[in-house]
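K.L.:
Quick note, the sequences are listed as chains A and B, same order.
Using my numbering, you'd call the opening residue of the first sequence number 1 and step up by one each time.
Using my numbering, you'd call the opening residue of the second sequence number 1001 and step up by one each time.
Keep in mind the hints are simulated off the structure, nothing from the lab.
Please read these numbers as outputs of a predicted model, since none were measured by experiment.
Take these hints with a grain of salt, some might be off.
Said to hold, decoys possible - Ranges between beta-carbon positions, derived for each pair:
(1) R94/A / A1174/B: 37 to 43 Å
(2) Y1005/B / S41/A: 52 to 58 Å
(3) T1053/B / N158/A: 52 to 58 Å
(4) A1044/B / F150/A: 52 to 58 Å
(5) D110/A / V1200/B: 42 to 48 Å
(6) K33/A / V1178/B: 45 to 51 Å
(7) S242/A / W1020/B: 53 to 59 Å
(8) G1189/B / E138/A: 32 to 38 Å
(9) G34/A / R1010/B: 55 to 61 Å
(10) G40/A / N1224/B: 31 to 37 Å
(11) V1042/B / E142/A: 28 to 34 Å
(12) Y1005/B / L219/A: 38 to 44 Å
Glycine included, each C-beta is placed from N, C-alpha and C at the ideal position.
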Amino acid sequence: MVCDYYRSVESAGAAREPAVAPTVAGQALIVSKGLAKRYGSVNALEGLDLELEPGIIGLVGANGAGKSTFIKLLLGLIEPTSGSAQVMGLDITRDGTTLRQFVGYMPEHDCLPPDATGTEFVTHMAEISGLPRTAARERTAEILRHVGLFEARYRQINGYSTGMKQRVKLAQALVHDPRLVLLDEPTNGLDPEGRDEMLALIRRIGTEFGVAVILSSHLLSEIERVCDHLVEIEDGRLKRSSPMTELTAVTSALVVEAEGDIELLAASLRKHGASFETRGRYLLVQRESDDVLDWIRDGIVENDLGLVRLEQSRRRLEELFESEDAAPGEVRPG
Amino acid sequence: MWALYTQSLRVVFGIGRSFWAKAATFGILVIASLPAIIQLGVAAISPEDINVTTPEDYYGLIQPLLAIFCAIVAPDLVGRDQRNRTLSLYFSRALRREDYAIAKYAALVTAMLSITLVPQLLMFTGNASAATDVPDYISDNWQDLPAIVGSALLLSCLFGGIGIAIAAQTSRRAYSTVAIVAVFVLGTGIASAVFEAAGVGTGKYALLLSPLHVVQGFTYWFFNVAPPIEDNRQLVEANFHGIVYAIDAAIVAIGCLLLVIRRYRRIAV
């Protein structure tokens, strides 16, 4: 049992690492072959072939596309109908218990006992993961500080806002120091500010803590902001798996944002015959030649504007998806 | 598993919670101990040897409380995690589903021990300390101790098993509470009726399906006392050897645990 394992390792003065800890670096994070799950006559997931490297991976798809099923399969919470998958080199069916030592899970649904305090609950979950009581308490305090709940940690969960509850759910997924966290719709029910904070937190988990993240969302903009890699599932089938850099490739257009009346700059560019479009407070200028850069500089100076941003535009995910959806006679893979 | 067991006991006894969270369990515990406390009071005041109750009759006296206690505690232990959907957090950790079931069962058995063992031990130590010659009392009655522990443990395993096997089936507290009380009350009623209707020859086997008859049966056997005819006519007429009740209780307890393990292996989270 993990609990006994940790105790025996700690009593021997060794670190809290198992002898054969799966490593994330230098190996595939997830490899699935023909992974399928059927509920009665409904195919929740069909023959998923996938190989993912460590990083922050966005899992996108409409509600009911199979995202949660995929996550539950990876955790070993449900068994595949057919096919197989390995997470950090561990088989999801055969090595489920070992695998779950190194994985954190934040479900989409409510899962918190209302009458426990934040600190009580997260400490308990740390102990269930095998941490001795003292270590569990220390680690809980640390993780609640990271997720911004330190002040409210002794309050009962039923007095928490939705955002705070989401943070407790995230904290319990991280408290046992996993190498991979699976976050199922972590921004559900959050207001825009809470959403921004949660996404920033997830980005930090992936970059500063070095934990691999799988983040499911039905909102492309969230995936675009946080993830390095995108996996799209549609009707239980894999539609796309690509690095974000490929999807949001740099375009030839320039984004110009300036303080002052942007229309004055637009008028200057129009005089030079530059092609551009106005998008609210900024201009999207086609870089047809290097002269365009001079025209922009001159337009800014002549009109006494303050240059805020001048950068190459990246294609936005939503634009990519929209253009594909609009493509006539499109044949979708899978 | 140990962490889950201790946390479950904290839930049962409302440790770290409000007064009202403790009220039900501790209230029943105190009421269940009343006969023992009264016995102690009488023993302390009266120089005569008056028996308000005896260890072998104790469970018969507090039968309704045992059933109610089990019906209150079992849904609290397992229903909460289903109701709050916390199971998905447990099962996504390195905790095997059977470990969860065993930890919860062990917690319920421990809780049941508090209401079975505590009053009995209270009575034993009280009677011993009230006796004129304490060492004499202990040397005369020491064999009561294994009987107290054995009967309390078997009763707790049996009631705990039945309680948790029912409570694990639903997240609705009210349903499982009613169902547990119904099994104890109706089980006894139906077994008695079948016994009377079918006659001793066939009807006696119905008693083996009644938790309360079974408890009485093995308790008298543990204390090596023949069941008195006035309150236990059916037990006397059935005339099973006491060990039959003990084995029956052990089989039911183990069967219930297996049912609970099966339930948690299959439950969708």
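K.L.:
For every hint, state whether the structure bears it out.
P.N.:
Here's how the hints hold up against the structure:
| no. | hint | verdict |
| --- | --- | --- |
| 1 | R94/A / A1174/B: 37 to 43 Å | holds, 41 Å |
| 2 | Y1005/B / S41/A: 52 to 58 Å | violated, 41 Å |
| 3 | T1053/B / N158/A: 52 to 58 Å | violated, 44 Å |
| 4 | A1044/B / F150/A: 52 to 58 Å | holds, 54 Å |
| 5 | D110/A / V1200/B: 42 to 48 Å | violated, 55 Å |
| 6 | K33/A / V1178/B: 45 to 51 Å | holds, 49 Å |
| 7 | S242/A / W1020/B: 53 to 59 Å | holds, 56 Å |
| 8 | G1189/B / E138/A: 32 to 38 Å | violated, 55 Å |
| 9 | G34/A / R1010/B: 55 to 61 Å | violated, 45 Å |
| 10 | G40/A / N1224/B: 31 to 37 Å | violated, 57 Å |
| 11 | V1042/B / E142/A: 28 to 34 Å | violated, 58 Å |
| 12 | Y1005/B / L219/A: 38 to 44 Å | holds, 41 Å |
When each numbered hint is compared with the structure, violations occur for hints 2, 3, 5, 8, 9, 10 and 11.
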